[in-house]
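Student: So you can see what is in the structure, the chains are spelled out below.
There are 2 protein chains.
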Amino acid sequence: MSARFPSKLLEEAVNEFASLPGIGRKTAFRLVMHLLRRDSGEVRRFGETITRLREDVCYCSVCHGISDTAVCETCSDPSRDRSVICVVENVQDVMAVENTRQFRGLYHVLGGIISPVDGIGPSDLTIAKLEEKIREGSVKEVILALSTTMEGDTTNFYIYKRLSGYDVVITTLARGVAIGDVLEYTDEITLGQSIINRRLFSLQTGRP
Amino acid sequence: MSARFPSKLLEEAVNEFASLPGIGRKTAFRLVMHLLRRDSGEVRRFGETITRLREDVCYCSVCHGISDTAVCETCSDPSRDRSVICVVENVQDVMAVENTRQFRGLYHVLGGIISPVDGIGPSDLTIAKLEEKIREGSVKEVILALSTTMEGDTTNFYIYKRLSGYDVVITTLARGVAIGDVLEYTDEITLGQSIINRRLFSLQTGRP
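Protein chains in written order, with the numbering used here: chain A, 1 to 208; chain B, 1 to 208.
If you are wondering where the hints come from, they were derived from the structure by calculation, not from laboratory data.
You may find that some hints are simply not true.
[To be verified] Chain A regions said to be covered by chain B (calculated; three or more residues, Cβ under 8 angstroms):
1) 120 to 132
2) 159 to 171
[To be verified] Label-pair ranges, simulated between beta-carbon atoms:
3) LEU173/B - GLY24/A: 25 to 31 angstroms
4) ASP187/B - TYR158/A: 55 to 61 angstroms
5) PRO116/A - VAL182/B: 55 to 61 angstroms
6) ASP118/A - GLY41/B: 47 to 53 angstroms
7) ALA70/B - ASP39/A: 22 to 28 angstroms
8) TYR158/A - ALA96/B: 51 to 57 angstroms
9) VAL182/A - ASP187/B: 39 to 45 angstroms
10) LYS8/A - SER61/B: 15 to 21 angstroms
11) SER164/B - GLY24/A: 40 to 46 angstroms
The structure presented is a predicted model; accordingly, all values stated were derived computationally and were not measured.
Even glycine gets a Cβ: it sits at the ideal position worked out from N, Cα and C.
In isolation and in its complexed conformation, chain A is listed as follows:
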């Protein structure tokens, strides 16, 4: 695919697609050829959506998640419990938690996770803003809902230390055997944690 392109326009479009993560030059070419076969109005809309996305997108001034307005729908919803804040890495995680329909509090989007390897430190995240919210005094509980990776654990620990001087309960997601998991193939740390944190059997538990 290192050949000279018959058209500069074509080459530019292939280069743009190939600059996306996980998209190689062959795939980029296939996508561009697909767009050339599509209706011209559809392709114009595609291009304009991308341009608008980057230019018009807002970040909610309360939770720092992506929003179309200065304060997002969730943060401006009066029925949400303002005394509980769920701390997540990004907007995908907000959507994942919202999907469970088990949480009625507010969110705080960190915008990433502490990762020295990638050069992301606490000051690159919205941790100071989170501390400000807690300092106000109306928040009773902070739920740390980060990935169970080393970076997630590091970030959890950092936030825990930073908020430990305030009058707020800090919780984290339950660790245990996932629903649908076969016990034999569950890793020993998860299984060990799920034995330590075992709870009284009840017919109401399990799948919602």
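Given the coordinates of chain A, work out where chain B should sit on it, guided by the hints.
Tutor: Relative to chain A, chain B alone:
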């Protein structure tokens, strides 16, 4: 990923990417999040390139390949041999043949391949235009360079029949064991063809 999106703009961009072949909703989301982290000028250029691609792209009036001008560079190059036409399915194939640096004639891009399953018949392709070129009389050889699939063979056969009344030599790509192929794993039809079409051994053959 069926969750309500926190932003309409975000949702639209995800939908656009997910409409591309081979890109699911999770990948689309990841690509959009990547664009949001990119420089705003870069993302604008991405969007504009896509819009321009579809609106400004030309098809060469001679070979019907993609071009920036009314007649493409290859077709307007006076050093190319106008008596030989290589018939290919699409512009990727033009690039593949050009890459070999073994062909100095002109191309004819069919714009597809006869495929009853996909509803593509001879009239959807540029076969009539090819016949016009041959009718003019200056073309001495037509090389059929289509894929060795059933659709490719059908298209080869159709073009062969259609051009058989004209004074033109019709050739096709050599079939044989590919360079680097292990004989044990070469399919029997290819291997059989390569025995029937065996040629005198020469130290010049093999890798270019």
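Student: Each of the hints needs a verdict: does it hold here or not?
Tutor: How the hints compare with the structure:
1. 120 to 132: violated (count 0)
2. 159 to 171: violated (count 0)
3. LEU173/B - GLY24/A: 25 to 31 angstroms: With a Cβ separation near 26 angstroms, LEU173/B and GLY24/A satisfy 25 to 31 angstroms, so the hint holds.
4. ASP187/B - TYR158/A: 55 to 61 angstroms: The hinted range 55 to 61 angstroms holds for ASP187/B and TYR158/A, with Cβ atoms some 59 angstroms apart.
5. PRO116/A - VAL182/B: 55 to 61 angstroms: The hint (55 to 61 angstroms, Cβ to Cβ) is violated, given that PRO116/A and VAL182/B are roughly 46 angstroms apart.
6. ASP118/A - GLY41/B: 47 to 53 angstroms: 23 angstroms Cβ-Cβ, so the 47 to 53 angstroms window is violated.
7. ALA70/B - ASP39/A: 22 to 28 angstroms: At roughly 23 angstroms between Cβ atoms, ASP39/A and ALA70/B fall inside 22 to 28 angstroms, so the hint holds.
8. TYR158/A - ALA96/B: 51 to 57 angstroms: 53 angstroms Cβ-Cβ, so the 51 to 57 angstroms window holds.
9. VAL182/A - ASP187/B: 39 to 45 angstroms: holds (40 angstroms)
10. LYS8/A - SER61/B: 15 to 21 angstroms: The hint (15 to 21 angstroms, Cβ to Cβ) holds, given that LYS8/A and SER61/B are roughly 18 angstroms apart.
11. SER164/B - GLY24/A: 40 to 46 angstroms: At 42 angstroms between Cβs, range holds.
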